[in-house]
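Engineer: Residue numbers (the working numbering), protein chains in the order written: chain U, 1 to 356; chain G, 1 to 356; chain C, 1 to 356; chain D, 1 to 356.
Hint data in this document are derived by calculation from the structure and do not stem from the laboratory. There's no promise every hint is true.
What the hints assert, rightly or not - Which chain G residues stay away from chain C? Per the calculated CB distances, all over 10 Å, these:
| id | residue |
| --- | --- |
| 1 | Ala37 |
| 2 | Gly92 |
| 3 | Gly99 |
| 4 | Asn195 |
| 5 | Leu198 |
| 6 | Glu227 |
| 7 | Arg245 |
| 8 | Pro308 |
| 9 | Gln329 |
Stated by the list, open to error - Taking lysine-lysine pairs in the DSSO-like style, the calculated list, with each CA pair at most 30 Å apart, reads:
| id | chain 1 | residue 1 | chain 2 | residue 2 |
| --- | --- | --- | --- | --- |
| 10 | D | Lys14 | U | Lys200 |
| 11 | D | Lys49 | D | Lys14 |
| 12 | C | Lys200 | C | Lys14 |
| 13 | G | Lys200 | C | Lys14 |
| 14 | D | Lys200 | D | Lys14 |
| 15 | C | Lys14 | C | Lys49 |
Cβ coordinates follow ideal geometry from the N, Cα and C atoms, glycine included.
Number of protein chains: 4
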Amino acid sequence: MIAHLSPSCGLREKAAIIGAIEAAGLHAHVEGSGTCARILVPGARPAMKRVLLALSGVERVEASDSSYALVARSAEGDSGDARTGTRVRVGGVTFGDPGIVICAGPCAVEGEESIGEAARAVRESGAHLLRGGAFKPRTSPYSFQGLGEQGLRLLAEAGRREGLGVVTEVISPEVVGTVARHADMLQVGARNMQNFALLKAVGETDRPVLLKRGMMATIEELLLAAEYVVSAGNPSVVLCERGIRSFDRATRNTFDVSAIPLLKRETHLPVIADPSHGCGRRDLVPSVALAAVAAGADGLLLEVHPDPARALSDGPQSLRPDDFARLVQRLDAVAHAVGRELAQPNLPQAVRPSLR
Amino acid sequence: MIAHLSPSCGLREKAAIIGAIEAAGLHAHVEGSGTCARILVPGARPAMKRVLLALSGVERVEASDSSYALVARSAEGDSGDARTGTRVRVGGVTFGDPGIVICAGPCAVEGEESIGEAARAVRESGAHLLRGGAFKPRTSPYSFQGLGEQGLRLLAEAGRREGLGVVTEVISPEVVGTVARHADMLQVGARNMQNFALLKAVGETDRPVLLKRGMMATIEELLLAAEYVVSAGNPSVVLCERGIRSFDRATRNTFDVSAIPLLKRETHLPVIADPSHGCGRRDLVPSVALAAVAAGADGLLLEVHPDPARALSDGPQSLRPDDFARLVQRLDAVAHAVGRELAQPNLPQAVRPSLR
Amino acid sequence: MIAHLSPSCGLREKAAIIGAIEAAGLHAHVEGSGTCARILVPGARPAMKRVLLALSGVERVEASDSSYALVARSAEGDSGDARTGTRVRVGGVTFGDPGIVICAGPCAVEGEESIGEAARAVRESGAHLLRGGAFKPRTSPYSFQGLGEQGLRLLAEAGRREGLGVVTEVISPEVVGTVARHADMLQVGARNMQNFALLKAVGETDRPVLLKRGMMATIEELLLAAEYVVSAGNPSVVLCERGIRSFDRATRNTFDVSAIPLLKRETHLPVIADPSHGCGRRDLVPSVALAAVAAGADGLLLEVHPDPARALSDGPQSLRPDDFARLVQRLDAVAHAVGRELAQPNLPQAVRPSLR
Amino acid sequence: MIAHLSPSCGLREKAAIIGAIEAAGLHAHVEGSGTCARILVPGARPAMKRVLLALSGVERVEASDSSYALVARSAEGDSGDARTGTRVRVGGVTFGDPGIVICAGPCAVEGEESIGEAARAVRESGAHLLRGGAFKPRTSPYSFQGLGEQGLRLLAEAGRREGLGVVTEVISPEVVGTVARHADMLQVGARNMQNFALLKAVGETDRPVLLKRGMMATIEELLLAAEYVVSAGNPSVVLCERGIRSFDRATRNTFDVSAIPLLKRETHLPVIADPSHGCGRRDLVPSVALAAVAAGADGLLLEVHPDPARALSDGPQSLRPDDFARLVQRLDAVAHAVGRELAQPNLPQAVRPSLR
């Protein structure tokens, strides 16, 4: 339940409202100020509406639990323009700016040498952030599950050496603290999009969150998952379309390109795309990446591996470094065609990519 | 079953092979020549393979019924390059050329005035072909079912006046002859993609065929549907991705953008996209259209209506003429960014669009 | 649009209403009588509502095109009880009676001997109707497409010899007449559920129709497809759940068991199940068949082949005759457990099955 | 990777194999004995296969990571017979016995009175276990999230009073210990089926686990999720089909009835069904429950609420106590029809249900 406050609601009235909520055994979550001030009351029963409306300072009460008030675009003629949304700054670049952010790297951190090689390759070709998994959610208990904290250290070191911020996945509330010490951005993977304990845990950190759409999640469910993070106190969320599961298994997933403009309409959060998981086939990834940018994506998440044939996971969908370099050139052309550009990395002179 | 003939297979040997097939109560369908000569034997039992292999002139026998030999790209290093595929010429433009073909118009022909207005509007904004339904497949028997033959005449007349070839749907074998007399291209809709009697009927005409993917059809099923048309004698087929049905109903369908590069790899036929049905929402159509071109589509099918609010069908997904005009400009930019361009219409001087 | 007439509406008023509809270039379809009299006006624009309401004898006007007025259960407390629905009589048995009707036979009629053997086997084990395809809709043009009219003759002859009515598929309006001469019931297959020309064609015959749910069809779309048949004049329609296409391909389709009670609530038409296509695996068919009867199905459609390994189509999902015989015994037990029984065939003494 | 040991492999050889695995930085997981002895080596690279095969005592090495060796039925002619599978004993009843176990109660524990009332009602009608959620995974952060540990205490107390074991959900590794102190069986919900940290956590307890199929999970993924639990040391897992997400939203989910016999073939674990989530509509739940038992389910999970209209969650799919009582009678009849019966609760005389 959401109580929208009147602009004239004073501190004393606000305190009385909070008191009434807590007297009912509920938690009051104060958001915004001025004409946007509201108090969220998670788990309120319908009868609470009458109670709140009777209090001075409450303008109206929204009963629906299904609303995603914090991440929704305000109604006032907001057209999905990238310039009016939330900006999320990570390692020298900003998601939500006109500049499109490219995040690239291997599916999993496999060792010092390979992550170093991957980091150098993607930085030289124009990537802005380095991705790589240290804690891997795997369908089988017998598959490679990642190098854990050692992987985090290798990733962070590789990123530091190349001047790239790093993004990596968290798969359990218990490791959030550890991961947050090493990474610039915390990724919540598709299988964990409705792991609500994890959403709350990353919502309590001050690290930006990359939230991937579940493979069977509706747009509304994705926005409500983001609402979990933001309502826990962390406003820096970037959404990622990465393909949904459909009847058609010719591709690993079905990349839902229309989710990009639809999300841009519904939320002020930045929206990026993961073409690698989106189609699962290296030969199709470039076309899907170009499509995502044409459709309005604020960034891309791409799997790049120095030697995909030897990758411990997701080899078939990983680009080779030279494929990636060619793709970046083509992305630059399409970005300009739709009135945008690739982001300019804010790097120290020494490691500024030659390409840019 | 497919018997591939050796290059040296002579007429006498070919006749003997056909004789053996017909003696088994089967039909022999001779295709190609030289190193590509083959005889298709629909419905042959596995034992027929031995019979055929024993005959002089037969090089090898492909047993699988699931192959789409006629529409598949040959194996020899063919990379999906638009320049090496089949070209399908309709009303002065060519699907499969580097130039991207735009086909636009209302969902249904509703009357002389409105189709005339729509035709003029889409021609002025840069469309190359005029679309409009006269026989409409409708989910409910009580929905507007189209104007029938009268609609065909109005459509053809509107196209003629603006110098645009016309595309319209056929929904039953019985009307194929009638439609073929009025239209430049025969559309087989998503619901009829596996209406095999209809596929055979359009395969027996000399009109180009626009074959839309069924909303629950795999890529393989679409290619086999095209194989029905081509094996019936009509090589001029254009495939169209138009969205599949998934769990997510935030959009009418889920536009499967990766189907475009995947189809370009699998078949030499041109591949176009229908963003209007693909997402079913006017506000998302432009983004999806740009994405389709970025992903490699050879053309677009777009619903444009002079007054969408009054459309008898599909109003919510129809673009207004001015939206369409703006979209064409943006499509032109993206087409150039991926090394292509919009098709140049081959029109008489009098009606050459001012925009181009 | 549907104009519901007042009980007092006389012939002269009715004629005036029809006249007004036809004056608007529309067709008036008169249905029912007394308190249920109504006139369907396919394709009427919204403005027609005002015109109709102004006429004497019109009680109210239902604007929605999406209603399936003819096949819907009436609102008056009708609870889905099998005893209050439509009965469809075919070859001595009745769909919609408490007795459950079993229809069995091979996927395709393959020859005189095998269809005769199958007919005898299923009759001896307790089947009430014989199924078998003569015109087969096949995904590939190179697959066995059925024996055509010769197959119809063999099927009808095998049914006659065993005292079983026969059910077979129609795949095109052109063959409806031919099939109706040979078969007791016309099957419209899943791929043709929205082949509207075919629905109209079978709606114009006097043969009962078995309408299978499309693999991508919602419950509403299935009911609207049935509405096509009934509004064309044929009230004898039996619906069939046969599995839908989902992301899970461990089974050929996903048998949607809850569709059975849901359809029984929504429509007065009998509802049967096809477990063979529903799961596509012989080892799972018995469990799914038992589940369908427990869930309230009025009948079953089962593929039985004397020698599944040699079947020209659908071998992997066909039961062997002895499996089928065992299944019928188990179905009998479950039918009694839910207060029903297997139908008693109305056969001449000479061929009465020994088992019953 | 799985190294299958030869029957003659001695302790010294086993130690050498383990040593080689650990020398490669991997973990050796020893399972079974005699002809079934094997060592699981999670995350081994392909090259490890050669290493293992060279060691004395290793008979063969299974490279595939996708196998679910611990939960799979052995190949040896095992036909899915309920009598040969794993038995999981919870609160006086046994899943996997011929007796079908009924677990019923409200979606969420809402208060002392209501859970007490629900417990008494379901016990009187024949339920064997009490279900109720204390930690609720909810799509929206503003929905009722459960009473937490207080709810656990109320649930346990209600169960104790009625002599019913209790089942409740765990939603995070952090609460597993707390929940295990209060509950007889730990439920992992559909949204957490691939929450691998949670699977490992419940696998490290000695409480039986009820693992629900994810709404987007294939049969293989469900079995691999169970493999996580069992390979972590907990063999007592019961699987639950609860409906998958399909294109059809007439029901909340699509209950996949064929998953029941398919799972019974693939695994030795008991398989139960949740018709309440399976269809999401109270009026359809009884038919789906009967179908599940007819299809071979070893138990049912049913939502029953004393006053569904006031339920804080899942009211529309909850049965009223009298509906539930009638359903149990009908389930008994169908269970007998398929050669089974409802489980006999092992209760103290004082609270033995009157109905039995």
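Engineer: Against each hint, give a clear statement of whether it holds in the structure.
Structural biologist: Cross-check of the supplied hints:
Its beta-carbon lying about 17 Å from the closest one in chain C, Ala37(G) satisfies the requirement of being farther than 10 Å from that chain. Listed as a non-interface residue, Gly92(G) keeps its Cβ farther than 10 Å from every Cβ of chain C; the least gap is roughly 31 Å. No Cβ of chain C approaches the Cβ of Gly99(G) within 10 Å, the least distance being about 31 Å, so the stated non-interface status holds. Residue placement check: Asn195(G) does not keep its beta carbon more than 10 Å from all beta carbons of chain C (closest about 5 Å).
Here Leu198(G) does not stay apart from chain C, with its beta-carbon only about 8 Å from theirs, under the 10 Å limit. Taking the minimum C-beta to C-beta distance to chain C, about 6 Å, the non-interface status of Glu227(G) is violated against the 10 Å cut. Non-interface status of Arg245(G) relative to chain C is broken: a Cβ of that chain comes within 10 Å, the nearest being about 5 Å off. Separation of Pro308(G) from chain C is adequate, the least Cβ-Cβ distance of about 15 Å exceeding the 10 Å criterion.
For Gln329(G), the non-interface assignment is confirmed: its Cβ lies about 34 Å from the closest Cβ of chain C, beyond the 10 Å cut-off. For the hint linking Lys14(D) to Lys200(U), the alpha-carbon distance of about 45 Å lies beyond 30 Å, and the restraint is violated. With a C-alpha separation of about 16 Å, the suggested pair Lys49(D) and Lys14(D) falls inside the 30 Å cut-off, and the hint holds. Restraint check for Lys200(C) and Lys14(C): satisfied, since their Cα atoms lie roughly 25 Å apart, inside the 30 Å limit.
Proximity of Lys200(G) to Lys14(C) is assessed by CA-CA distance (about 45 Å); at most 30 Å being required, the pair is judged violated. In summary, the hint linking Lys200(D) to Lys14(D) is supported, as the alpha carbons are separated by about 26 Å, within the 30 Å threshold. As the CA atoms of Lys14(C) and Lys49(C) are separated by approximately 16 Å, the hinted pair is consistent with the 30 Å bound.
Against the hints set out earlier in the document, violations occur for numbers 4, 5, 6, 7, 10, 13.
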